[in-house]
Amino acid sequence: DAKTTQPTSMDCAEGRAANLPCNHSTISGNEYVYWYRQIHSQGPQYIIHGLKNNETNEMASLIITEDRKSSTLILPHATLRDTAVYYCIFYNAGNMLTFGGGTRLMVKP
Amino acid sequence: DGGITQSPKYLFRKEGQNVTLSCEQNLNHDAMYWYRQDPGQGLRLIYYSQIVNDFQKGDIAEGYSVSREKKESFPLTVTSAQKNPTAFYLCASSPAGGADTQYFGPGTRLTVL
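Quick mapping for you: the protein sequence lines, in order, are chains A and B. Residue 34 in this note's numbering sits at position 34 of the first sequence; the count goes up by one each step and never skips. Plus 1000 on top of the position in the second sequence (first one is 1) and you've got this note's numbering.
Keep in mind the hints are simulated off the structure, nothing from the lab. On a predicted model such as this, the values are computed, not experimentally measured, just so you know. Fair warning: there could be bad hints in the mix.
As the list claims (entries may be wrong) - With the C-beta cut set under 8 angstroms, the calculated list includes, among others, these residues of chain A facing chain B:
hint	residue
1	Cys12
2	Gly29
3	Tyr32
4	Pro44
5	Tyr87
6	Phe99
7	Gly100
Claimed, not checked - Covered by chain A, according to a simulated footprint, are these stretches of chain B (three or more residues, beta-carbon under 8 angstroms):
hint	stretch
8	1036 to 1046
9	1095 to 1104
The beta-carbon is built from N, C-alpha and C at its ideal position, and this holds for glycine as well.
Kindly generate the complete structure, drawing on both the sequences and the hints.
Take a look at the structure:
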């Protein structure tokens, strides 16, 4: 099974960068790391994904270590609306996403 | 407006009744998925379909059924055989099956009384 390890919860001050870590030591060479977030009682929202290189889009940046065993999602200027559960996931052998518990990020004023 | 719609947002049913949850997408995506989410937990895959008239069981298919007669639609029926149907149900679609970005609907919260 494709497994990731994330902290259960994190706090971040509004306006500061939120750095969310994820360990994925079992990831294989051709598997992408995906990040989604889920705001309470809504469907998950795609954020970003990457393979080897660091990636940036309008929502976030993704830093992947050289050995690809871990990654960090960076929200550069967190707002109260970024409070959500953040999932770091990759596809399992059956090409299906496996969602774990994620990290509950609380952005505080 | 392109996207995935699920209706209704909230659904109540009596125990022993079958209920069908709607999922429609106008993104022209080939693949569609149904997930279940229990409070405080991650998502678990119920069924998925990579092409019209074809679908496969996910990790927790027992007590559920689906159909994929049209590309745009992937309804999920929660049958009376599902032991604990109260949950948040999420539908998703992706351009193609396999390792492709999935886009989610807003979800349906089903409560069985």
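Going through the hints against the structure:
1. Cys12: It is violated, given that the least Cβ distance between Cys12 of chain A and chain B is near 21 angstroms, above 8 angstroms.
2. Gly29: At 13 angstroms from the nearest chain B Cβ, Gly29 of chain A fails the 8 angstroms test, so the hint is violated.
3. Tyr32: Because about 6 angstroms separates Tyr32 of chain A from the closest Cβ in chain B, which is inside the 8 angstroms limit, the hint holds.
4. Pro44: Status holds, d = 5 angstroms.
5. Tyr87: holds, 7 angstroms
6. Phe99: holds, 4 angstroms
7. Gly100: holds, 5 angstroms
8. 1036 to 1046: holds (count 6)
9. 1095 to 1104: It holds, with 7 qualifying residues against the three required.
Checked against the numbered hints given earlier, this structure breaks hints 1, 2; the rest are met.
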